[in-house]
Amino acid sequence: MYSLPIVAEAMLNGLLTGAVYALIALGLTLVYGVLHIINFAHGAFLTCAMFAVWLAHSILGLDPYLAILPLTLIFFAIGYAVQRFVIGPASHGDDGNILLITLGLSIIIENALLAGFHSDTRSLSTDYSFNVFEVGPLLISQARLFGFIGAVIVTGLLWLLLARTDTGKAIRAVAKEKLGARLVGINVSHVFAVTFGIGCATLAIAACLLMPTFYVNPRVGGAFVLVAFTIVVLGGMGSITGALIGGLFIGVVESLCGLFLGESLGQIGIFLIFILVLLFRPTGLFGARA
Amino acid sequence: MTRRGYLPIILIVAILALLPFAVTSNVVLNFVVFVLIITLAAQGWNLLGGVGGQSSFGHAAFFGTGAYVSAILQVRFGINAWVATAVAVACGAAVGWIIGFLSFRAGLRGSYFALVTLAFAEVLRILANAAGFTGGAAGMLMKLDVGFWNMQFTSRAAFLWLALGFVAVGLIVCQMITNSRFGAQLVAVRENEEAARALGVDVLSVKLKAITVSAALTAVAGCLYLQYFLYIDANIAYGLWISVEALLAPMVGGRGLVLGPIIGAFTLHGLGEASKLLAGRVAGIDLAVYGAVLILVVAFAPGGVLGLLRKLRFRPQPVTKTAEETA
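Chains as they are written, first to last, in my numbering: chain L, 1 to 290; chain Z, 1001 to 1327.
What you were told as hints is all true, and nothing was included just to trick you.
Pairwise CB distance ranges (calculated):
1) L:Y215 with Z:F1133: 27 to 33 angstroms
2) L:F130 with Z:L1277: 42 to 48 angstroms
3) Z:V1146 with L:A81: 54 to 60 angstroms
4) Z:E1194 with L:S189: 26 to 32 angstroms
5) L:L183 with Z:R1281: 54 to 60 angstroms
6) L:L179 with Z:S1180: 36 to 42 angstroms
7) L:H36 with Z:R1004: 35 to 41 angstroms
8) Z:V1028 with L:D120: 31 to 37 angstroms
9) Z:R1076 with L:S189: 54 to 60 angstroms
10) L:F130 with Z:F1133: 35 to 41 angstroms
11) L:L62 with Z:G1132: 42 to 48 angstroms
12) Z:V1146 with L:G61: 55 to 61 angstroms
Counterexamples of contact, computed for chain L against chain Z with all Cβ distances above 10 angstroms:
13) F133
14) G136
15) K169
16) G258
Rather than coming from a laboratory, the hints here were simulated on the basis of the structure. Glycine residues also receive a C-beta, built at the ideal position from the N, C-alpha and C atoms.
With the rest of the complex left out, here is chain L (with noise of 0.2 angstroms):
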């Protein structure tokens, strides 16, 4: 029914997708294992750095792989201040207050952009976002094999420094037990923010990989955060290697349900996988702790 090639070539074009989701599932996930809170706003986030990149390249000529070190340093700031000065005051400390918090933060977010930017869909166009390696019968793009191993450094980066900084150190204090952590000395809600910031500028980058390749608008975000969340809870709530894992693995699905099912049912693996997992082995299939 299907040739082995456009098989194969939907399962690599999976992966590659795949790392991307997993770069955004990774901002996710670790707000999740650190500060025990979902953040709806996520695609919001995510929206906001696309268009910046989008404004970068039309405005000020910025290549978006330029673009990166810029934006991911401001994305850290926005989320840092954001946390510091909205969410964790808002919030009293409750989960499901923060919850909603970030489901009116995305709402604003996402209708400010609406305003501003209506809902035209905006691309980009580079000399190479229709470059393709040609590997035996497969093609691939190039901006997206781009988009692939930048999402795998940013996860090993983000592994190092979980692991081996004094920053890491402190977030996965906090995580563990935030009580003993603020006797220590630590500075907790320092440390809640300096985490949602690397959440905002790990977006900042998987915004700049994916907009040679991808569009943009006001309602863009809204796609992603799904598959995100499906990633986190298919993963393990907080684990970082169960995102990576786990986003490949949902490019790849996606993919193939895409091409057995049609483009309009592409999705919905996803959402089944999601409902499936949360039903049956909420704690995810990576994750040890629920």
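Please build the complex by placing chain Z on the supplied structure of chain L, with the hints as guidance.
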């Protein structure tokens, strides 16, 4: 059954029922009808999320099922609108029971429950968008055929009374539940599930009852939406917007209170219209205001508008207030 709490319900319903005699502007009446439909959906959410403490992010699943079942029965099978509505509400309740059975039995709570309900609504949205008998992405258009038996009216006032009738039934049902033993058990489950179970409350069956009634109320809202606008598609019926509307109104009005949804829906949409008037026709401005209101309510007025009013009426003693703050 005690008679507590019915007087404000009668007053509010009476004022809204007399409104068409005082106001003839179609803009105003349209606004009120739309807000009443939202109120019904929100009453459903409030029973489960407000009284029962199980915050759902996917009430669109019930709204959409109500709207789609009713539309399919009427358009494809030529069934009478009232019968179709009754069947559609039953289907909505069944979907509620199924989602509840699956997720409560798996022990999902808090954020997990919110996410799984969201995912169920998304699955239904994608299916409705792809399937043939739902009209696919083109949606379903109802035939315009005005008449009482078709639940279609030329006068806005008639539709307002119809919607108000359903809202009044919803208010009475919610008040009866609040006054009943079942209501008390539901509050116990919200406050502390383990303690409720230890006291002999059958937690699973209480939650299942709550989500079934909740889904039925929200499904009624879906049916009314269909009868009023005569068109639905997957992004309207199963869209995230209605899940958010159903959640916002009780949060703003007063979570868990019988009058919370109706007060919240009118407050929110009143603010939305006001911001549209102030800012001109900027797309999305009213929704951005909703998001800001949600954050402000969570941060400064967890009891919503009704909580604020109550605080003004019974000003707490300074001593107890500081005790609360230090606690």
